[in-house]
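Protein sequences, first through last, are from chains S and Z. For the first sequence, position 38 matches number 38 in our numbering, and the numbering has no gaps at all. For the second sequence, position 225 matches number 1225 in our numbering, and the numbering has no gaps at all.
Treat the hints as calculated values from the structure; they're not laboratory data. Everything numeric in this text was worked out from a predicted model, so none of it was measured. Where is the CB? At the ideal position from N, CA and C, for every residue including glycine. Hints are all accurate, no fakes.
Here's a subset of chain S near chain Z, in silico, CB distances under 10 Å, partners left out:
no.: 1; residue: TYR13
no.: 2; residue: VAL15
no.: 3; residue: ARG19
no.: 4; residue: SER22
no.: 5; residue: MET33
no.: 6; residue: ASN55
no.: 7; residue: GLY60
A short list of chain Z residues far from chain S (calculated; beta carbon distances all over 10 Å):
no.: 8; residue: ARG1035
no.: 9; residue: GLY1130
no.: 10; residue: GLU1183
Chain residues, written in single-letter form:
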Amino acid sequence: MTATAQFAIDRDYCVGHGRCYSLAPRAFVADDMGLGHVRTDSDGLVELDPAAIVNACPEGALTLLPSEKDDRS
Amino acid sequence: MTEKTLDEIKKERARDYEVYPTGTMQEQLDEIADRREKCPISFSEKGGFWLATTYDDISSVLRRNNRGFVSFPNIPDGKVAFGQKAQIPIELDGPIHAQYRKLLDPIFSPARVAEMEDQIRKVAVELIDGFIESGRCDVVKQFAFPFPGTVFLSVMGWPLEDAEKMNEWVETFLKGVPGGTEEETMAARIRASEESRAYIQAIVEDRRANPTDDITTTIVHADFDGDKIDDSDLSDLFILLMMAGLDTVQSVISQSMNFFATHPEKWDEMFASEESIDPAIEELLRWTSPAMPTRNVAEESVVVGDLTLPKGERVFCPLAAGNRDPKYYPEPDQVKFDREAKPNLTFSLGAHRCVGVHLARKELRIAFEELRRRIPSFSLAPDCTPKDVMALTWGIEDVHIVFDPPAAG
Chain S
1 MTATAQFAID RDYCVGHGRC YSLAPRAFVA DDMGLGHVRT DSDGLVELDP
51 AAIVNACPEG ALTLLPSEKD DRS
Chain Z
1001 MTEKTLDEIK KERARDYEVY PTGTMQEQLD EIADRREKCP ISFSEKGGFW
1051 LATTYDDISS VLRRNNRGFV SFPNIPDGKV AFGQKAQIPI ELDGPIHAQY
1101 RKLLDPIFSP ARVAEMEDQI RKVAVELIDG FIESGRCDVV KQFAFPFPGT
1151 VFLSVMGWPL EDAEKMNEWV ETFLKGVPGG TEEETMAARI RASEESRAYI
1201 QAIVEDRRAN PTDDITTTIV HADFDGDKID DSDLSDLFIL LMMAGLDTVQ
1251 SVISQSMNFF ATHPEKWDEM FASEESIDPA IEELLRWTSP AMPTRNVAEE
1301 SVVVGDLTLP KGERVFCPLA AGNRDPKYYP EPDQVKFDRE AKPNLTFSLG
1351 AHRCVGVHLA RKELRIAFEE LRRRIPSFSL APDCTPKDVM ALTWGIEDVH
1401 IVFDPPAAG
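With these hints in hand, go ahead and build the complete structure from the sequences.
Below, the structure written as C-alpha cells:
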C-alpha cells in the first residue's frame, strides 16, 4: 500500500529511535547519529498509512504536513 | 482552600513497593495494574520513592531528562549499587552526557549495526550448533545469556575466547553469590570489578599504543574538548556497555522462548510471513520489557500527572508498567502480534534512549531467525521450573526446551 504524504520531524524531540526510517525508508533516512530526517529526494510516496508512521515515533516528534490539494487558497 | 503538604500527600498515597519482589512477574504486574487503577502515582515509604504506572506519566517523566529530571541515582531506593560514582553514561546528564552520546550513537548507528549482521549471525549459529544435536537447550545458559555477550566481544574487537570469563563477571555483578551471605556477594563483586577492570585496562593500553579501526580504539581516543576520557571513566564506560546490553537482550529472548514453548501457534504466527517478524518482535519487546529506570527531580518543582513534586524527589518508572497500560494496549498481558501500533517504552525515551536500540533489534531479529530455522518446533522440557527473576532488570531462569534433533545425513 502506498500513499502520498509529507512529514516534518521536530529536532527538539527526535532522539533517534529509528522507527520512522525503519518503517518508511522511502520517506525517511538516518543520519550517522541514528537521528531521523525527512528525505529530500523523496517521491512523496510512503509504504504505510501516514498516520501510522506519525504514531510510530515514541517521542511524538513526527507531524504530517497538510497535503497540497488541501490548500484552498 | 488549603493546599496539602507533600508529606500529607505521601501519607495519603502511601503504598509500599517491593523493588526486588519474589513471586511471579505476572503477580507483580497485577499489583502494578491495581495501583494504576486505584492510585496511578503512589508513594513507597519503603525506599522513599514515587511510583509512576501509566504510559503517559512514565513517558512524560522520561522525556523530560535535562528538562526537570536527572538520572542519578538510577535506582528507586536511592542506594547506589556499586559506590557513589555515577554510571557512565546512564547516570550522567547535561553537556557531559551529550558528549558521550555524540561519541556512542554513531558507533551503534543503524548503518554501523547493519555492518555487524554477519558477525552477529555467526555467534547465533555457533551457539545453536553447540546444543542442536542433543534435542534440548537450556535457553538462558546455552543461548540467551552467551549470545549478547559474545556479540559484544565480537563487535568490540575483544578476544572471543574471553566470553566465559566475561559472562562470569557479568553474572557476579548481577546476581552476586546466589544463596551466599551479603559479605560473600560483596567480596565476589569486588573481585569481579578488579578483574574486569584489569582486563579492560590491558585492552585500553593496547589500543592507545596500537590504534586500529575498531570501536574500542574509537572510544579510547575520543576527544571531549581536548580531553581524553581518563582510565577510570573508560573502564566504567566499557563495563556499562558490557552490562547494559547483556541482561536485557538475554531477558527478552528467554522470556519469549519460555512463552513460545507453551504457545507453539504463536511461534508459527511470528514467522507466517517476512512482514510479520518485525511487528512480532515489537510485541515481544513490549511484553518482556526488562528495564526499570528511576528519575530524580532536579528543578524547583515539576508536574507529574496530578502532582507537583519538589527537587530531590525520586520517581520510579518501571517500563513494564507503561507497556502494560490498558489505555493503549487492551488485554495488556496477552501477546498479540496484531496490536494497533503504539510505540513501546522498552528502550526508554528522551536523552537516555537506549544507545543499543538498533543493535538490540538486530540481535533479536537474527536470534529469532536462527532459532526458528534450526528449531521450527519445540516445547518446554517437563523437568524444568521456569522462575521469574525480578532484580534491577526483570527476567527468567531455568527455561529448558526440547525438540527433535536434526535428522542425520
